[in-house]
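All residue numbers for the sequence shown refer to this note's numbering, where the first residue is 31 and numbers rise by one.
Some hints here could point you the wrong way.
Stated by the list, open to error - With a straight-line Cα cutoff of 30 Å, these simulated DSS-like cross-link-like pairs (lysine-lysine) come out: (1) Lys47 x Lys148; (2) Lys33 x Lys44; (3) Lys148 x Lys33; (4) Lys106 x Lys148; (5) Lys150 x Lys44; (6) Lys47 x Lys144; (7) Lys47 x Lys106; (8) Lys148 x Lys92; (9) Lys33 x Lys106; (10) Lys33 x Lys47; (11) Lys33 x Lys92; (12) Lys106 x Lys44; (13) Lys47 x Lys150; (14) Lys150 x Lys106; (15) Lys144 x Lys44; (16) Lys33 x Lys144; (17) Lys144 x Lys106; (18) Lys150 x Lys33.
Because the hints were derived from the structure by calculation, they are not lab data. All of these numbers come straight from a predicted model, not from anything done at the bench.
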Amino acid sequence: MNKLLDGDDETLAKLRKQFGASAVRSRDLTGAGFYTHFELNDESLRLVGRPSFHFGDVIANKGDGDDLLGFVLFVKDGFLDYLEGYTFGIEQWPEDLANYHLTYSNGENRDIVKLRTKWKDQ
Numbered sequence: 031m032n033k034l035l036d037g038d039d040e041t042l043a044k045l046r047k048q049f050g051a052s053a054v055r056s057r058d059l060t061g062a063g064f065y066t067h068f069e070l071n072d073e074s075l076r077l078v079g080r081p082s083f084h085f086g087d088v089i090a091n092k093g094d095g096d097d098l099l100g101f102v103l104f105v106k107d108g109f110l111d112y113l114e115g116y117t118f119g120i121e122q123w124p125e126d127l128a129n130y131h132l133t134y135s136n137g138e139n140r141d142i143v144k145l146r147t148k149w150k151d152q
């Protein structure tokens, strides 16, 4: 979550505050990934305009390019809704993540302009 919510952006800053104040409502393991649903009821933390969008520009890899994991964060009506973790290149979610490295899908630095554009287009 820290990598997904990192960046000098007002929306990301508000989502970081939401994450800090949220509780995990449920966590579903699918074998090939997971869904973590959040609960938050503090209206003062809701994003202005009550937007709904998702983004997932963070991946985890072991360096060989084959064992990749992805993450998508869903925002509904201005609140964090759920985080999805998924595999591609492998069939099962790994038990040990120690050798995985988090990065942005376009490299080490996040393209914040592209991210903002994606939010507006949803």
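Evaluation of the provided hints:
| no. | hint | result |
| --- | --- | --- |
| 1 | Lys47 x Lys148 | 21 Å, holds |
| 2 | Lys33 x Lys44 | 15 Å, holds |
| 3 | Lys148 x Lys33 | 17 Å, holds |
| 4 | Lys106 x Lys148 | 15 Å, holds |
| 5 | Lys150 x Lys44 | 16 Å, holds |
| 6 | Lys47 x Lys144 | 22 Å, holds |
| 7 | Lys47 x Lys106 | 16 Å, holds |
| 8 | Lys148 x Lys92 | 27 Å, holds |
| 9 | Lys33 x Lys106 | 20 Å, holds |
| 10 | Lys33 x Lys47 | 14 Å, holds |
| 11 | Lys33 x Lys92 | 17 Å, holds |
| 12 | Lys106 x Lys44 | 14 Å, holds |
| 13 | Lys47 x Lys150 | 21 Å, holds |
| 14 | Lys150 x Lys106 | 14 Å, holds |
| 15 | Lys144 x Lys44 | 19 Å, holds |
| 16 | Lys33 x Lys144 | 16 Å, holds |
| 17 | Lys144 x Lys106 | 20 Å, holds |
| 18 | Lys150 x Lys33 | 21 Å, holds |
Checked against the numbered hints above, the structure breaks none of them.
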